[in-house]
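Could you put the whole structure together from the sequences, leaning on the hints where they help?
Just so you know, the protein sequences line up as chains A and B, in that order. Numbers 1023 to 1440, taken from the numbering used here, label the letters of the first sequence in order. Numbers 7 to 56, taken from the numbering used here, label the letters of the second sequence in order.
It should be emphasised that the hints constitute simulated quantities derived from the structure, not laboratory data. Don't take each hint at face value.
Take a look, some chain A residues computed to stay more than 10 Å from chain B by CB distance [said to hold, decoys possible]: (1) Gly1076; (2) Lys1106; (3) Leu1131; (4) Gly1234; (5) Trp1238; (6) Ile1263; (7) Glu1265; (8) Lys1271; (9) Ser1320; (10) Trp1328; (11) Arg1352; (12) Leu1413; (13) Tyr1420.
Heads up, incomplete: computed chain B residues facing chain A, CB under 8 Å, no partners named [as the list claims (entries may be wrong)]: (14) Gly26; (15) Leu31; (16) Gly37; (17) Ile42; (18) Thr49; (19) Gly54.
Backbone N, C-alpha and C define an ideal beta-carbon position, used for all residues, glycine too.
Chain residues, written in single-letter form:
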Amino acid sequence: MDSALIPEGVKRCSFGKFVFWLVVFGAVLLWGIVAMLLCWFKGLNQTNMNDAYGFALWIWADLAIIAIGGGAFFTGLLRYIFGKEELKNIINFAVLLGFICYASALLILAIDIGQPLRGWFIFWHANVHSMLTEVAFCLSCYFAVLTIEYIPLILENRQIDKVPFFHNLSHNMHGIMAIFAATGAFLSFFHQGSLGGVAGVLFGRPFAFREGVFIWPWTFFLFTWSAAASGPCFTILVSWIIEKIARKKLIKQNVIMLLAKIAGWMLATYTIAKIIDTWYWATVTAPAAGHNFMDFYSNNPLYGIWILVLEIVICGVIPSIILITKTGRRYSFLLISAVFLGMLGACVNRWVMVLQVMAVPVLTFESWFMYFPSWQEIATTILPVAGGIMLIMISYRYLPIFPQEREIEEEKHASIFV
Amino acid sequence: MLPFSFEWVWDLDHMVFMGGLWYALTILGLGMTYCIIKAIVDTVKGKGSH
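Put into structure tokens, the structure is as follows:
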């Protein structure tokens, strides 16, 4: 039915099956939209946020998807600035994931501000002393960059590409993509960093506060570093999931191996930096503020020392060792487990830097503040996930997001013939 | 946001923050303008016809 729109030389499932799954995820999307409308029309009383939790599930989701969406800027940087040519075969998919992640982040922020009609105030009446202003600027501009990087992909659709103007536009945009990618890397460095900076400058919150360089706390650099490590992990993980669903190889193994190796070294160096940061914070910064290390991990029902072990050892040290060794990368199970843990590590890090920060008592008469999100918060957090899956489905069906797919299929057929 | 806005102050903070924003927006705007104009010129010249 829609075969004229599908890229040449590749096979896709039947149109009916495609529509069925779109409807399934569309239903989840609708559930999220209902919750979103409730938040917009009735206000933030629909959430379980309170005076202790000004930042809650949404901000964690925001920070987590921005971190794992970092694969777009980092892969773009490697491809266009450092000249890693092999990565041209995965950059389209990394851009798609980045586009979904940043669109989701902006959507969640639009719900979280409570009064979206005044969203433009942050640009017009900018507080130039706020790291969050820098985040808003860079996030919006970087989303524009991702849109610019995604447009040529849409224009390369088999039917759209037949229109000479769109063909030429796509060609010209590819021609200067390095400029857009460099701008994107510049913007990403600052907003990923500033999101970490927001936690690090909270001198009234000893769990988050860090020293640093000039105006930037160490968390500024750690957040950027972890995004550069976990972003490619997420890209590899999702491409593997799509390959499993499609039951065929979409990206050649040398491309995956190269990206996994780079992600591994980024993760390994980040984990070393994170261990040093945690050690210094536990032995110098927190005691100077009158806290013992174990104050942050005891006398509450959820946050034990396990979360630190999970973040640094299980999701940091172990995947780093797997990804930087050739033997580790060679075994598919180990590789996929490592990229999953690498991605999970960034999510756990964002969780503790947003939610555990809020939970820890800071005054002697306070006890731990615990929080569980309302169904509206959960539904609006799942909303962009369903939307993202639908966009991946549509893009995979109609756009050339995996440029090696046809070549791999032809090689497979040739080998069968031989 | 703009120098003629009532809350604008000519200090380093405003110049760094707003300068960064306008710098990024200018690159994106000029880049896209270049691509679109060149695409129109190329199309008029008959390039890209299948």
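Results for each hint:
No beta-carbon of chain B comes within 10 Å of the beta-carbon of A:Gly1076; the shortest separation is about 23 Å. Listed as a non-interface residue, A:Lys1106 keeps its Cβ farther than 10 Å from every Cβ of chain B; the least gap is roughly 22 Å. Look at A:Leu1131: its CB is around 17 Å from the nearest CB on chain B, clear of 10 Å, so calling it non-interface holds up. Once the 10 Å rule is applied to beta carbons, A:Gly1234 is consistent with being away from chain B; the minimum gap is 18 Å.
Annotated as non-interface, A:Trp1238 keeps its C-beta farther than 10 Å from every C-beta of chain B; the closest such distance is 14 Å. Look at A:Ile1263: its CB is around 32 Å from the nearest CB on chain B, clear of 10 Å, so calling it non-interface holds up. Look at A:Glu1265: its CB is around 32 Å from the nearest CB on chain B, clear of 10 Å, so calling it non-interface holds up. Distance check on A:Lys1271: its Cβ is at least 30 Å (rounded) from any Cβ of chain B, clearing the 10 Å threshold; non-interface status holds.
Every C-beta of chain B lies more than 10 Å from that of A:Ser1320, the closest at about 41 Å, which supports listing it as non-interface. Every Cβ of chain B is farther than 10 Å from the Cβ of A:Trp1328; the closest lies at roughly 40 Å, confirming the non-interface assignment. Under the 10 Å C-beta cut-off, the non-interface status given to A:Arg1352 relative to chain B holds; the minimum distance is some 41 Å. For A:Leu1413, the requirement that its beta carbon stay farther than 10 Å from each beta carbon of chain B is met, with the minimum near 22 Å.
The claim that A:Tyr1420 is not at the interface with chain B holds, since no C-beta of that chain comes within 10 Å of its own (minimum 18 Å). About 7 Å separates the beta-carbon of B:Gly26 from the nearest beta-carbon of chain A, less than 8 Å, and the hint is met. Look at B:Leu31: its Cβ gets to within about 7 Å of chain A, closer than 8 Å, so that hint holds up. At its closest, the beta carbon of B:Gly37 sits 6 Å from a beta carbon of chain A; the interface hint therefore holds under the 8 Å criterion.
With a least beta-carbon distance of about 7 Å to chain A, the hint placing B:Ile42 at the interface is held under the 8 Å criterion. Hint on B:Thr49 holds. Least Cβ distance to chain A is approximately 5 Å, under the 8 Å limit. The interface hint given for B:Gly54 holds, since its Cβ lies 4 Å from the closest Cβ of chain A, which is under the 8 Å cut-off.
Checked against the numbered hints above, the structure violates none of them.
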